Each structure stands twice: as C-alpha cells, then as structure tokens.
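Participant: What follows is each chain in one-letter form.
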Amino acid sequence: ETGVTQSPTHLIKTRGQQVTLRCSSQSGHNTVSWYQQALGQGPQFIFQYYREEENGRGNFPPRFSGLQFPNYSSELNVNALELDDSALYLCASSSGTGSYYEQYFGPGTRLTVT
Amino acid sequence: GDSVTQMEGPVTLSEEAFLTINCTYTATGYPSLFWYVQYPGEGLQLLLKATKADDKGSNKGFEATYRKETTSFHLEKGSVQVSDSAVYFCALSGTNTGNQFYFGTGTSLTVIP
Numbered sequence: 004e005t006g007v008t009q010s011p012t013h014l015i016k017t018r019g020q021q022v023t024l025r026c027s028s029q030s031g032h033n034t035v036s037w038y039q040q041a042l043g044q045g046p047q048f049i050f051q052y053y054r055e056e057e058n059g060r061g062n063f064p065p066r067f068s069g070l071q072f073p074n075y076s077s078e079l080n081v082n083a084l085e086l087d088d089s090a091l092y093l094c095a096s097s098s099g100t101g102s103y104y105e106q107y108f109g110p111g112t113r114l115t116v117t
Numbered sequence: 035g036d037s038v039t040q041m042e043g044p045v046t047l048s049e050e051a052f053l054t055i056n057c058t059y060t061a062t063g064y065p066s067l068f069w070y071v072q073y074p075g076e077g078l079q080l081l082l083k084a085t086k087a088d089d090k091g092s093n094k095g096f097e098a099t100y101r102k103e104t105t106s107f108h109l110e111k112g113s114v115q116v117s118d119s120a121v122y123f124c125a126l127s128g129t130n131t132g133n134q135f136y137f138g139t140g141t142s143l144t145v146i147p
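Line by line, the protein sequences are chains A and B. Residue numbering for the first sequence follows this note's numbering, beginning at 4 and increasing consecutively. Residue numbering for the second sequence follows this note's numbering, beginning at 35 and increasing consecutively.
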C-alpha cells in the first residue's frame with residue numbers, strides 16, 4: 004500500500020509569484036485535505052476535497068485554491084505569494100469525510116518565499 | 035468555534051520517566067480526538083484516536099482517554115524511551131465540520147538517556 008506522497012520536497016519562490024504543490028493520496032482514499040504548518044505551530048486547515056469537489060475551507064484567502072483529479076490526487080495553488088506564506092504545506096488523505104476518519108499525512112512541501 | 039489547547043513545551047524527561055501531555059478541547063457536539071507525532075524532518079503520523087466519550091486510544095505504550103466531562107484527552111506513557119523524542123500534536127475533528135482537523139500548537143518532547 005502506497006502512502007501519501009507530495010512534490011516537490013522543497014521550493015523557493017519570490018514574493019508575487021505563483022506556486023503549485025502536488026499530492027497523491029493513499030490508495031483507496033477519496034478525500035484530500037491541505038494544511039499549512041508555520042514553524043513551531045500546529046497545522047492549520049486550508050481546504051478539503053472530496054470526489055473532486057471542495058468540501059470545506061479554512062480561514063485562508065481566495066488566492067489559495069485547489070483541485071482534485073479523478074484519481075483523487077490533488078493540487079494546491081497559491082497566487083501572489085507573500086512572505087508569510089513561507090511554511091510547510093501538508094497534504095492528508097482519508098477514506099471519507101466523517102469526523103471519525105483518521106487522516107494520513109504526507110511528508111510535506113517546504114515553501115520559502117523571499 | 036472548535037479548538038484544541040495543548041500543554042506548552044518543551045518537555046525534557048529522563049529515560050523510563052512517566053509522561054503526561056495535557057490536551058483540552060472546545061467543540062460542539064461529539065468530536066473525534068487524535069494524537070499525532072512528528073519526528074524530526076518527517077510528516078505527521080497518527081499515534082492514537084478515540085471517537086466517543088470514555089473511549090481509550092492506545093498504541094506503542096501511549097494511552098489517552100476521551101473525557102467529555104473535563105473536555106480532555108491527555109496523552110500518557112508509563113516509561114519513555116529516547117526514541118520517543120518528537121513533537122506531539124493533539125487534534126480534533128468536529129461533528130459539524132466533517133473531517134476538518136483542528137490541531138494544538140504541539141509539545142516538543144526530548145528524552146535523555
């Protein structure tokens with residue numbers, strides 16, 4: 004069974020640029036969530052996708068957007084990058100949207116905005 | 035809104051000491067509660083979970099009991115090892131917010147030989 008994978012591992016961008024992060028969900032999982040983890044903090048929920056539709060969004064501006072594909076992999080896009088967007092971005096997959104489903108996390112993408 | 039408050043760190047213990055990391059939550063309804071662990075340079079790994087009141091989650095010698103009356107889910111281990119050194123996160127998934135997780139700020143644990 005393949006776990007959650009993310010690419011790239013590290014990324015350096017300049018303020019104002021756009022970035023796309025990718026995530027492959029664990030086999031059999033149809034739900035993908037994205038989190039932002041600032042240094043020394045807990046992960047903050049960005050949004051969730053279930054069967055290619057957005058299924059909940061945290062307190063993040065519209066320049067954070069996403070997609071889920073028919074194979075349940077997902078992308079996170081961030082436009083007009085700001086310095087505060089520097090963080091570890093975590094993708095997690097689960098087998099449903101109920102509160103009792105555990106989420107399985109990928110290793111993360113470390114984004115640095117200069 | 036839903037939230038988790040976690041014991042501030044860092045925590046330093048000697049090997050074989052008893053560990054408690056406090057976690058309290060605020061939520062409407064009946065959330066599910068989780069503990070995740072993050073080893074240096076790695077992503078989050080599920081340690082244990084409990085989905086209803088009085089449930090006890092356990093794994094690798096760690097335990098936590100879902101206490102609705104005190105809105106708590108404290109993590110305990112009777113005898114820590116050096117390999118337990120990591121950051122521990124308490125999290126909840128609320129009944130009104132589907133599978134959206136709310137995390138605490140994390141507690142860093144260092145176990146010294």
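Fair warning: there could be bad hints in the mix.
[Unchecked claim] Straight line, CA to CA, 20 Å or less: simulated SDA-like cross-link-like pairs of lysine to any residue:
1. Lys86(B) / Lys16(A)
2. Lys86(B) / Asn130(B)
3. Lys102(B) / Tyr103(A)
4. Lys90(B) / Ser89(A)
5. Lys94(B) / Asn130(B)
6. Lys90(B) / Tyr103(A)
7. Lys111(B) / Ser92(B)
8. Lys16(A) / Ser89(A)
9. Lys94(B) / Lys16(A)
10. Lys86(B) / Gly101(A)
11. Lys94(B) / Tyr107(A)
12. Lys90(B) / Glu105(A)
13. Lys90(B) / Thr104(B)
14. Lys94(B) / Glu105(A)
15. Lys90(B) / Pro73(A)
16. Lys86(B) / Asn82(A)
17. Lys16(A) / Asn82(A)
18. Lys111(B) / Thr129(B)
19. Lys86(B) / Ser89(A)
20. Lys86(B) / Gly132(B)
21. Lys94(B) / Leu81(B)
22. Lys102(B) / Ser142(B)
23. Lys90(B) / Tyr73(B)
Because the hints were derived from the structure by calculation, they are not lab data. These figures come from a predicted structure and were not determined experimentally.
Participant: Each hint: holds or not?
Facilitator: Hints, one by one, checked against the model:
1. A threshold of 20 Å between alpha carbons decides the hint, and for Lys86(B) with Lys16(A) the separation of about 44 Å lies outside it, so the pair is violated.
2. A hinted pair counts as satisfied when its Cα atoms are at most 20 Å apart, and Lys86(B) with Asn130(B) qualifies at roughly 15 Å.
3. Our distance criterion of 20 Å between C-alpha atoms is met by Lys102(B) and Tyr103(A), whose separation comes to about 16 Å.
4. The straight-line distance between the Cα atoms of Lys90(B) and Ser89(A) is roughly 37 Å, outside the 20 Å bound, and the hint therefore fails.
5. A hinted pair counts as satisfied when its Cα atoms are at most 20 Å apart, and Lys94(B) with Asn130(B) does not qualify at roughly 31 Å.
6. Between Lys90(B) and Tyr103(A) the alpha-carbon distance is near 14 Å, which keeps this suggested pair within the 20 Å criterion.
7. With a C-alpha separation of about 10 Å, the suggested pair Lys111(B) and Ser92(B) falls inside the 20 Å cut-off, and the hint holds.
8. The suggested pairing of Lys16(A) with Ser89(A) holds, with an alpha-carbon distance near 9 Å, which does not exceed 20 Å.
9. Straight-line distance between C-alpha atoms of Lys94(B) and Lys16(A) comes to about 40 Å, which puts the hinted pair past the 20 Å bound.
10. The hinted pair formed by Lys86(B) and Gly101(A) meets the criterion: a straight-line CA distance of about 13 Å does not exceed 20 Å.
11. Simply put, Lys94(B) and Tyr107(A) have alpha-carbon atoms about 18 Å apart, close enough for the 20 Å limit, and the pair holds.
12. Of the supplied pair hints, the one linking Lys90(B) and Glu105(A) holds, its CA atoms being roughly 15 Å apart against a limit of 20 Å.
13. The hinted pair formed by Lys90(B) and Thr104(B) meets the criterion: a straight-line CA distance of about 15 Å does not exceed 20 Å.
14. The straight-line distance between the Cα atoms of Lys94(B) and Glu105(A) is roughly 17 Å, inside the 20 Å bound, and the hint therefore holds.
15. Distance restraint check for Lys90(B) and Pro73(A): the Cα-Cα separation of roughly 37 Å exceeds the 20 Å cut-off, and the hinted pair is therefore not satisfied.
16. For the proposed pair Lys86(B) and Asn82(A), the alpha carbon gap of about 40 Å is over 20 Å, so the pair is violated.
17. Under the criterion of a C-alpha separation no larger than 20 Å, the hint pairing Lys16(A) with Asn82(A) is consistent with the structure, at around 11 Å.
18. As the CA atoms of Lys111(B) and Thr129(B) are separated by approximately 28 Å, the hinted pair breaks the 20 Å bound.
19. A threshold of 20 Å between alpha carbons decides the hint, and for Lys86(B) with Ser89(A) the separation of about 36 Å lies outside it, so the pair is violated.
20. Between Lys86(B) and Gly132(B), the direct Cα distance comes to roughly 15 Å. Compliance with the 20 Å bound is thereby established for this hinted pair.
21. This hinted pair checks out: Lys94(B) and Leu81(B) have alpha carbons roughly 8 Å apart, not beyond 20 Å.
22. Of the supplied pair hints, the one linking Lys102(B) and Ser142(B) is violated, its CA atoms being roughly 26 Å apart against a limit of 20 Å.
23. Between Lys90(B) and Tyr73(B) the alpha-carbon distance is near 23 Å, which puts this suggested pair outside the 20 Å criterion.
In the structure shown, a violation is registered for the earlier hints numbered 1, 4, 5, 9, 15, 16, 18, 19, 22, 23, in ascending order.
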